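Line by line, the protein sequences are chains A and B. So that you can map any letter, position 163 of the first sequence is 163 in our numbering, and since no number is skipped, the others follow by simple counting. So that you can map any letter, position 186 of the second sequence is 186 in our numbering, and since no number is skipped, the others follow by simple counting.
Simulated from the structure, these hints should not be mistaken for lab results. As the structure is a computational prediction, the values presented were derived from the model and not from experiment. The beta carbon of each residue, even a glycine, is placed where N, CA and C say it ideally should be. Errors might be hidden in some of the hints.
Keeping only pairs whose Cα atoms sit at most 27 Å apart, straight-line, the calculated DSS-like set for lysine-lysine is [claimed, not checked]:
1) B:K244 / A:K115
2) A:K296 / A:K268
3) B:K159 / A:K234
Covered by chain A, per the in silico footprint, the following chain B stretches (three or more residues, Cβ under 8 Å) [unchecked claim]:
4) 29-39
5) 51-65
6) 168-174
7) 177-184
8) 298-304
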Amino acid sequence: MLAYYFRLALMSMRRTPAITALMVAAIAIGIAVCTVSLTVYHLMSANPMHDRNDVLFAVTVDSWDPQHAWDDTRPILAPSEWTYRDATAVLAAGVADRIAVMRKTGFTLESGAGKTPFLVEARLTTGDFFSLFDVPFEYGGGWDHKADRDALPVVVLSKKTNETAFGGQNSVGKVLKLDSREYRVIGVLKEWQPTPKFYDLNNGNYDPIEDIYAPFALGAQLQLQPGGNVNCWKPEEIKGFEQFLNSECIWFQLWVELGTPQKQAQFKEFIDGYVAHQKTLGRFPRPLNNHLYTVKQWLDVNEVVAKDNKVLMGLAFMFLAVCVLNVVGLLLAKFLGRAKITALRRALGASRRELFTQHLVEVGAIGLAGGILGLGLAALGLMGMRHLYENYDQLTHLDLPIALLSLGISIAAGAMAGIYPAWRVCRVSPSTYLRT
Amino acid sequence: MEIRPILSAMMRNRSGVLLVGLQIAITLAVAANAAFIIQQRLEKIGRPSGVDAANMFYVYSYGYSPSYDSKPTLAADLDTLRRLPGVLAASSTNGMLLSGGGSANSYQASANTKAPQIPGNYFEIGEQGLNALGVKLVAGRNFRADELTYSGLDNLFPKQIIVTRTMAKALFGDERVVGRLVYSPTGDAAEIIGVTQNMMGSWVDNRHPENVVFHPILQRGARLTYMVRTEPGRRDELMARAEKALSKPGDGRFVVWVHSQEHYIKNSYRSDRRMVVFLWTMICLMVGVTALGIVGLATFLVNARRKQIGTRRAIGARRIDIVRYFMVENGLLTAFGVIAGAGLSFLFSYWLSNMFALPPLKLRFVLWGIAALLLLGQMAVFIPARRAAAVPPALATRTV
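Hey, can you work out the whole structure from these sequences and the hints?
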């Protein structure tokens with residue numbers, strides 16, 4: 001029966017090719033616009049730590065200015081970064097299962113005599129960074145607590161850096177010259193690019209990962225300059241690096257792993273206690289305002305998805321609504337236009353349900369064709385967007401879940417567009433049409 | 001005259017009217033709001049930078065070897081850059097205009113610690129700095145070479161500063177400012193020695209982008225950035241030449257990059273430009289879909305009414321009467337749609353301004369939208385209406 005309905009649908013489409021093309025095109029364009037904005041939205045707001053979302057936490061404490069909140073428009077937020085004093089104090093306390101205290105810096109990499117040196121971005125972090133964030137290694141591995149304690153000159157290279165400096169071979173054990181000092185390579189990463197770059201949202205949400213990773217303690221020992229955002233509020237005298245480290249300036253990120261809700265409560269209690277103690281020493285002038293955020297909450301709180309993209313999503317769905325209304329109007333006119341034939345079929349014994357199914361098959365075919373064409377258009381649209389989103393390649397590829405979702409939306413849209421006209425047409429009473 | 005029968009015909013096809021009306025209403029709501037956002041973005045993109053952006057570039061040098069010494073390097077580099085034929089001025093700087101990264105401090109009009117703190121985006125420049133930006137003084141004087149000191153954590157607040165007009169106004173209102181003192185929150189004082197024309201600072205989305213202050217400070221350390229202005233049209237040529245002139249293998253430093261000012265301006269406005277492209281595409285597609293929908297629907301109505309039309313023609317209606325019937329019908333339909341659409345536009349704008357703190361929609365965008373949609377409807381219905389007029393009167397006498 002379905003095959004017969006399908007043949008009928010094809011015949012009906014062939015009778016009015018222009019209108020059929022118009023309906024397919026309307027659905028296709030609506031779907032394409034929705035798919036493109038969904039794709040960008042989805043990739044912008046993805047949670048790269050989805051599997052570890054309930055044990056991984058960004059920690060913030062409010063060490064900011066008594067006069068102003070960190071963000072005047074959202075005073076509930078504590079600053080997103082830490083002072084050196086507080087970050088190292090929490091690190092030393094050793095309360096969390098794992099802890100990454102980190103910041104950015106830069107080095108000059110000399111890859112050999114006669115070659116021009118070049119600048120590399122580096123992350124100074126505790127060794128837990130790699131296990132905390134499930135960072136994949138090609139060769140070797142990260143460093144242990146001893147390397148952190150003793151500020152050993154060891155480095156982990158990104159895949160890209162290993163390719164530039166060592167031609168992509170296993171470079172573990174080799175020596176690298178950074179700012180004219182020697183460091184031993186102990187690990188090389190596999191291709192890794194968390195999108196968004198959740199672990200440091202202060203320096204570009206979609207920035208590439210750092211080129212080099214080295215023990216956190218080296219930063220203070222070698223007085224390595226900050227390589228990312230530094231924010232200060234307190235008018236205080238800062239002469240030299242020592243005083244800078246002890247200032248109220250914030251430029252460190254702090255993440256912890258806490259395996260159970262109990263440990264999470266304990267850790268929260270610990271930092272609240274820490275801040276309360278600091279208050280007795282005259283620091284932390286603002287009300288107690290400490291937070292643990294899961295990765296998902298962290299992305300929300302930092303408003304990683306740009307306002308523009310939310311507006312575009314809203315507009316895209318209104319656009320789809322217009323396309324659907326368009327198709328409903330056309331289908332209604334089309335179905336009622338051939339009410340005479342439908343009436344005849346009713347008179348010859350077709351039930352309402354059969355007629356309804358028959359029309360739905362036609363509608364479904366249009367929806368499916370529109371959806372497939374729409375996905376094609378969306379792929380083209382995303383290619384065009386690559387031009388608009390330079391340096392954001394990862395935001396502009398069509399991925400499978402979104403493609404399936406779009407196909408689902410197009411079938412739903414087709415059904416929404418078709419059910420009412422199909423219902424209307426099978427309610428016509430045969431007698432009105434069969435009188436002449 | 002014809003409106004009554006048309007209306008009653010429409011009343012009998014209520015669902016069809018409702019569908020097209022709703023479609024037109026949503027189209028209006030989206031198009032008006034999108035056009036309003038586009039206009040705001042274009043206004044933002046079109047803001048003057050206030051500097052001679054077309055002829056400016058920056059050179060970033062990084063010293064890495066233990067033998068590198070920044071002070072002589074800086075002096076030699078500035079000398080080299082200034083000697084290049086076609087270079088009008090060169091200065092070291094602590095930041096690039098509209099690059100998204102820069103330095104800011106608080107400034108106060110009095111030493112009282114309770115005095116309001118005015119945020120100022122400061123640039124550390126040399127005596128050729130203003131010239132390298134191409135900004136003119138409107139009062140007072142420029143920095144002298146003997147007033148320059150070197151940058152450092154211990155030298156954040158100099159003895160003399162120059163401010164933009166907007167910054168002067170933010171500090172002292174309309175009073176004369178040259179010769180007055182401004183204070184840092186730590187109580188250091190600086191004399192305002194000059195006031196410049198307005199210019200944009202480091203951040204494109206800054207609430208006060210023109211609160212700019214200049215400090216007479218030279219850079220030191222591993223990272224040195226130079227700001228260079230060239231004779232009109234010679235920028236690209238001089239960018240290459242400057243890079244070459246500063247790159248001497250074996251001197252313990254290298255040129256990391258050379259970027260034009262326009263590179264930063266383009267990057268700063270990229271997301272706004274992107275939004276404009278998206279919204280325009282959406283408006284065009286939407287208007288196209290709606291117009292095609294009107295054509296399609298009218299074609300159907302014409303086909304369904306062929307017999308009626310033939311009858312009307314047979315009893316004396318002229319072609320123009322038939323065309324007019326469809327035009328008036330469409331006009332009424334669109335009118336219903338845009339009336340609903342006007343309400344929907346403001347509803348949508350209310351939602352946008354609540355959710356995303358956008359300014360409320362201006363009425364004229366809705367009015368323009370209404371005019372455009374009425375015109376579009378009339379144009380779209382014209383083709384099927386002409387076909388309707390071509391129905392021969394003889395059709396009335398035939399039975400199908």
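- Query: When the hints from earlier in the document are held up against this structure, which numbers fail?
  - Reply: 6 and 7
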